[in-house]
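Put chain X on the given structure of chain A with help from the hints.
Protein chains in written order, with this note's numbering: chain A, 5 to 207; chain X, 4 to 66.
None of the hints are false.
With a straight-line cut-off of 25 Å between C-alpha atoms, the simulated SDA-like cross-links for lysine to any residue are:
#1 Lys36(X) <-> Tyr146(A)
#2 Lys45(X) <-> Tyr10(X)
#3 Lys36(X) <-> Ala175(A)
#4 Lys36(X) <-> Ala147(A)
#5 Lys36(X) <-> Gly120(A)
#6 Lys42(X) <-> Thr182(A)
#7 Lys88(A) <-> Tyr146(A)
#8 Lys36(X) <-> Ile148(A)
#9 Lys88(A) <-> Ile99(A)
#10 Lys36(X) <-> Asn167(A)
#11 Lys36(X) <-> Phe206(A)
#12 Lys88(A) <-> Ser61(A)
#13 Lys36(X) <-> Ser168(A)
Source of the hints: derived by calculation from the structure; they are not laboratory data.
Fair warning: this is a prediction, and the values are worked out from it, not measured in the lab.
One letter stands for each residue in the lines below.
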Amino acid sequence: MAGTIICDFIRTDANKLSLNVGNTTFATINASGFFSNTGTQLIAANGAISGASVIASSIPTAAIADASITNAKLSLSANDSNIKTALNASGSAGIYACRAWVNFNATGTIAIRASGNISSITDNGTSDYTINITTAMPDINYAITASASVRAGVRTGAIIGINSSVVGGWADFAPTTTACRISLSDDTSTNYDPTHVCVSIFR
Amino acid sequence: MNQRIIYPTGDGGVAVIVPAAECGLTIEQIAAKDVPAGKPFKIVDVADIPTDRTFRNAWEYTA
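Same shape as in the complex, but just chain A (with noise of 0.2 Å):
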């Protein structure tokens, strides 16, 4: 409690010391500890605060150890609004995560600007490629999103296929907890190894 305590008198009775102002009294000591006007304990014998309630911005970080900071009290739910607040969410519905993502170069030498969970992906030939998954999903319906730039001078979209692939005449892919496959070609039926491709799985 920060501040200066000003009382009119101290008085011992019954075991206990009493902080008075007056005939009232705003504070008892006794060998349980210290209580409230009201009766709360607000610290116990042992020194335990108990039912004060500490104001988060008195207390130093410094003066709280890591160890006391346990995954239990800190535990929040998916949709906390406190991780909405952090993500910029707002509204009732839920969030849910992307758990794997990457953005690669499929011209030339192909390769990975940057990713996320993700360990490799298998270039299977023009337009096909293979997004393989460092830690598994938990099962095979996840989300797949994937975007491509446009073929070098023709004005035309990307069509990507998901779990699909080109090589060997179109066809289904199935998926699995660690791999998905797409394909692409321009709305000509040209397939093409964009200068972007980006993949974000869901779950």
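Below, chain X alone, put in the same frame as chain A:
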């Protein structure tokens, strides 16, 4: 990583695995994980992979 993993595809072509540098796995671990089971494979230098992809689907795997 300046290495790639190659293995033969079922239709006579070759697949090229491009490792993700951020994944924390070695090239050998990626090969063990991402090369289809039972397929022979080789780890090669990236410079050994052609950069001209004009005839990409005609590339072949040689042991």
